[in-house]
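Asker: The residues making up each chain are set out below.
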Amino acid sequence: SQTIHQWPATLVQPVGSPLSLECTVEGTSNPNLYWYRQAAGRGLQLLFYSVGIGQISSEVPQNLSASRPQDRQFILSSKKLLLSDSGFYLCATAGSGYEQYFGPGTRLTVT
Amino acid sequence: AQRVTQPEKLLSVFKGAPVELKCNYSYSGSPELFWYVQYSRQRLQLLLRHISRESIKGFTADLNKGETSFHLKKPFAQEEDSAMYYCALKGTGRRALTFGSGTRLQVQP
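Residue numbers (our numbering), protein chains in the order written: chain A, 535 to 645; chain B, 1113 to 1221.
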């Protein structure tokens, strides 16, 4: 079965600082990978998805970017954080039946 | 465009009472729908999917294409059902899901 790791679990960063969140997956190869942001009262917003190494699709224009340097590694980055980037970030993979499996998430607070 | 609407942010019931968490969707094709649950301090996890027509932890959900709904039901709520529930719709192509805004279920003793 697939296991998704995310770190850090929590992060507090000042406005204007860079960001790097990491997601790694075990138990599968060549997975579809996704970054979501979960905001209170707004559900989960798809940010990026990737179908393979170096292949990134952006769903929402924003201050963030994503990269996939290895098959089972997915990174979410920003050069300069905004207050509005605060939220709970989830990494996910897709199962064979289109269901998605989620990591434990990273709580980001931008101050 | 596809959209999932969960009209209730909070649903509070007493233990043993019936529960219905509402979900309506907007999608031009044949939908695939899911319910996800997030218990306190746990990761978001799949509860059930309409295609399986299964009952998980006493919960069921029936797809009603006429009403474009996929409401989650349980006849007798338990305190351990307290959690955040999300309805989700499978998108086209990329296999990403469109999520509703979620409903927090509180089951009081």
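Just so you know, the hints here were simulated from the structure itself, not pulled from any lab data. Glycine residues also receive a C-beta, built at the ideal position from the N, C-alpha and C atoms. Among these hints, one or two may not hold up.
Not the full set, but computed from the structure, chain B residues with beta-carbon under 10 angstroms of chain A [stated by the list, open to error]:
#	residue
1	A1113
2	V1116
3	S1140
4	E1144
5	Y1151
6	Q1154
7	R1155
8	L1175
9	K1177
10	G1178
11	S1194
12	A1195
13	Y1198
14	K1202
15	T1210
16	V1219
Quick list of simulated restraints, FRET-style, between CB atoms [unchecked claim]:
#	chain 1	residue 1	chain 2	residue 2	range
17	A	V585	B	Q1218	16 to 22 angstroms
18	A	G631	B	S1124	28 to 34 angstroms
19	A	S611	B	S1167	38 to 44 angstroms
20	A	S563	B	F1126	43 to 49 angstroms
21	A	G631	B	T1180	43 to 49 angstroms
22	B	P1187	A	E560	37 to 43 angstroms
The following residues of chain A were derived to be distant from chain B, with all beta-carbon distances above 10 angstroms [stated by the list, open to error]:
#	residue
23	Q536
24	Q579
25	L580
26	N597
27	Q604
28	D605
29	S620
30	L624
31	G631
Asker: Each hint should be assessed against the structure and marked as holding or not.
Answerer: Results of checking the hints against the structure:
1. Violation of the interface hint for B:A1113 is found here, the shortest Cβ-Cβ separation to chain A being roughly 13 angstroms, above the 10 angstroms cut-off.
2. The closest approach between the C-beta of B:V1116 and any C-beta of chain A is roughly 8 angstroms, which is under the 10 angstroms cut-off, so the hint is satisfied.
3. Hint status for B:S1140 relative to chain A: violated, with the closest Cβ pair at about 17 angstroms, above 10 angstroms.
4. Interface hint at B:E1144: satisfied, since its Cβ lies 6 angstroms from the closest Cβ of chain A, which is below the 10 angstroms cut-off.
5. Proximity of B:Y1151 to chain A is violated relative to the hint, the smallest CB-CB distance being about 13 angstroms (cut-off 10 angstroms).
6. Given the 10 angstroms rule on beta carbons, the hint for B:Q1154 holds: about 8 angstroms separates it from the nearest Cβ of chain A.
7. Look at B:R1155: its Cβ gets to within about 5 angstroms of chain A, closer than 10 angstroms, so that hint holds up.
8. A cut of 10 angstroms between beta carbons decides the hint on B:L1175: the least distance to chain A is about 15 angstroms, and the hint is violated.
9. With its C-beta approaching chain A no nearer than about 18 angstroms, B:K1177 sits outside the 10 angstroms limit, and its interface hint is violated.
10. The beta carbon of B:G1178 comes no nearer than 23 angstroms to any beta carbon in chain A, farther than 10 angstroms, and the hint placing it at the interface is violated.
11. For the restraint placing B:S1194 at the interface with chain A, the shortest Cβ-Cβ distance is roughly 17 angstroms, beyond the 10 angstroms limit, so the hint is violated.
12. Contact between B:A1195 and chain A, as hinted, is not supported at the beta carbon level, the nearest pair being about 14 angstroms apart and thus beyond 10 angstroms.
13. Interface hint at B:Y1198: satisfied, since its Cβ lies 6 angstroms from the closest Cβ of chain A, which is below the 10 angstroms cut-off.
14. A cut of 10 angstroms between beta carbons decides the hint on B:K1202: the least distance to chain A is about 5 angstroms, and the hint holds.
15. Taking 10 angstroms as the C-beta cut-off, the interface hint given for B:T1210 holds, the closest approach to chain A being about 8 angstroms.
16. Violation of the interface hint for B:V1219 is found here, the shortest Cβ-Cβ separation to chain A being roughly 21 angstroms, above the 10 angstroms cut-off.
17. The hint said 16 to 22 angstroms for the Cβ distance between A:V585 and B:Q1218, and at roughly 39 angstroms that hint is violated.
18. A hinted range of 28 to 34 angstroms for the beta carbons of A:G631 and B:S1124 is consistent with their spacing of about 33 angstroms.
19. Evaluation of the 38 to 44 angstroms hint for A:S611 and B:S1167 yields a pass: the beta carbon distance comes to about 42 angstroms.
20. Hint check: A:S563 to B:F1126, Cβ distance near 48 angstroms, so the stated range 43 to 49 angstroms holds.
21. Checked against the hint of 43 to 49 angstroms, the C-beta distance between A:G631 and B:T1180 comes to roughly 22 angstroms, which is inconsistent with it.
22. Distance hint check: the CB atoms of B:P1187 and A:E560 are about 38 angstroms apart, consistent with the given range 37 to 43 angstroms.
23. Under the 10 angstroms C-beta cut-off, the non-interface status given to A:Q536 relative to chain B holds; the minimum distance is some 12 angstroms.
24. Look at A:Q579: its CB is around 8 angstroms from the nearest CB on chain B, not clear of 10 angstroms, so calling it non-interface is violated.
25. Separation of A:L580 from chain B is inadequate, the least Cβ-Cβ distance of about 5 angstroms not exceeding the 10 angstroms criterion.
26. For A:N597, the condition that its CB be more than 10 angstroms from all CB atoms of chain B holds, with the nearest at approximately 20 angstroms.
27. Residue placement check: A:Q604 keeps its beta carbon more than 10 angstroms from all beta carbons of chain B (closest about 20 angstroms).
28. At roughly 17 angstroms, the least C-beta separation between A:D605 and chain B is larger than 10 angstroms, which holds for a residue marked as non-interface.
29. With a least CB separation of 18 angstroms from chain B, A:S620 remains clear of the 10 angstroms interface cut-off, as annotated.
30. Its closest Cβ contact with chain B, about 7 angstroms, brings A:L624 to no more than 10 angstroms, contrary to its assignment away from the interface.
31. With 10 angstroms as the threshold on Cβ separation, the claim that A:G631 sits away from chain B is violated: the shortest Cβ distance comes to roughly 7 angstroms.
The earlier numbered hints that this structure contradicts are 1, 3, 5, 8, 9, 10, 11, 12, 16, 17, 21, 24, 25, 30, 31.
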